[in-house]
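Novice: With the hints as constraints, model all of the structure from the sequences given.
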Amino acid sequence: MADPRTIDIKDQPGFRTIAIICVGVLYVPILILMVFSFNTGSLVTRWEGVGLTWYGSALLNEEFHAAAENTLIISVSATIISTICATLAAIGMTRVKPWRGLSAAFMVINLPLMVPEIITAVATLSFFALIAGAFGLNFGIGNLILAHTVFCIPFAYMPIRARLEDMDLTLESAAADLYATPWHAFRRITLPLLVPGILSGAALAFIVSFDDFTITQLVAGPGQTTLPLYIWNQIRRPMTPEINAISTILLLVSILFVSVSFLIARRRSK
Amino acid sequence: MTNAVSQAALFEAKAARTASRRHRLLSMPALIIIGVFGVLPLLIICIYSFLAAAPYGGVQWKFSTDAYLNFLFQRDIFDDTLQFTPDFLIIYLRSFLFAVVTTVICLLLGFPTAYFMATRTPAQRNWWVLLITIPFWSNLLVRTLAIMFIIRDEGLINDVLMGLGVIEKPITMLYTNFAIQLGLLYSFLPFMILPLYASLEKLDFRLVEAANDLYATRRQVLWRVIIPLSLPGIIAGCLLVFIPALGAYVTPLILGGGIHLMIGDLIAQQFGSGRNWPLGCAQALILMAAVLVALYFYVRNTSGKIQHG
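As they're listed, the protein sequences go chains A and B.
So the first sequence is residues 0 to 269, counted in numbering that gives the first Met the number 0.
So the second sequence is residues 0 to 308, counted in numbering that gives the first Met the number 0.
Just so you know, the hints here were simulated from the structure itself, not pulled from any lab data.
Any given hint could turn out to be false.
Incomplete in silico selection of chain B near chain A, CB under 10 Å [stated by the list, open to error]:
(1) 77
(2) 197
(3) 271
Within a straight-line C-alpha distance of at most 20 Å, the following computed SDA-like cross-link-like pairs (lysine to any residue) qualify [claimed, not checked]:
(4) A:96 <-> B:17
(5) A:96 <-> A:184
(6) B:13 <-> A:181
(7) B:61 <-> A:132
Quick reminder that beta carbons are idealized off the backbone N, C-alpha and C, glycines included.
Specialist: Structure follows, in structure tokens:
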């Protein structure tokens, strides 16, 4: 007998067509952009021949190198800081006896998800302008790392919290019964079980930082061009397929990290 | 005896207190970072919106309500009277309209898709979810660029249509309202599908069978059983599309070309060429107020729904 879910009384007429159209609409533009990155001609949308010309030109481009370096410095730092903070916060806030201020803490953690990006962007810009003006404080690229860490924390927090909620509590009490100190129980039981959640959260934090355009554009100082900003600068000049090549690289990085995060999360639920 | 019991209780209470203190301490790094670099900046723009603009960007520390007055009025240079200028208000209303149309069309396309996904076999479902998750997390700037390449004058659509001889001159689509609307739909469709799927996946399909056994037509099952049960998911999806669409920045920047503005560009402009930070802060806070109203309705509706379910 077939899986009960495939019995057709649940099917609604036309829904399959709409689903296929949706996936088509979502993928066709990206695929066209990717295909044209292999165009050897110098026009973004006229085909001349297959080749890696524009990947070569991108990889030799000094500005691209600088942007890639900035992007990696910012995303890797923001990912590390936000994942550590999110892990600690998830442990302190999940399945614990409610402490005073816990519900306010939830709101604070989720705040960056609620506020539209453009508002966060201008607020962060105003903040750094104020501390630069009032105290002469300027962290250079640290400004961007801090701004990114703020919106990375909730993304890293979600999968870690989900993992903690699914976890078998009896293992920890068993460890306690066997005279493990709380630290030992955490180090040897909780943390190893938490690793998939932490990795999944770190992958998401990395993607949102790596891809961020709005906040970076407003907060970045001179010489702090990241890859999305580099693409934006290219759009305003006469375009060559080099922009397709760089865009394709960015898309592939996202796809890689999403798939990794997705597979880790799937394995957990099986 | 009683002494020992109270000693034990005291010990336990103390242990609970240290545990709570430890939990609070663990949460502190995240809370401090978001508090200082996320919440404090929001308070700063509240203050900035009541200050006067400095001529080259930034603010002067002088109380002023000009930013809010400038939102609706313009001061006449000659006789210093206030004149009603609805320019900004129009941009807000346009953005609201864009966001509503985006939400409605995303729902009309996203609901059938999510339902179709939820009725597949578990193995197929995994693939469908991954297929929608990838665009969800892909770079918004690059995805918007992909749309731009297709609808440009010398883009794929015009090339194909002219090659087929359907049209002689390219149809101008880029830098129009149509381009922005298309870009918003394309950007936020996955934001609708995923929460809808999450709620439809949990749907008890025995209820559909029961309705079917009671001679309900497919359409009746859809409207009387499936849609009411998935209402929390529908509301969550609409909110996840509406809020970012209302504050969209990248889409109108690239597809509207600075001609057709939305709230997002308007705010950014005050911090760039406009050099009126207080006005930009006031505009951002008015947008924030609109978002809070949307969130309020969400909280009110979902808490009502949970009691039903």
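Novice: State the violated hints by number, sorted upward, taking the hints as numbered earlier in the document.
Specialist: 1 and 2
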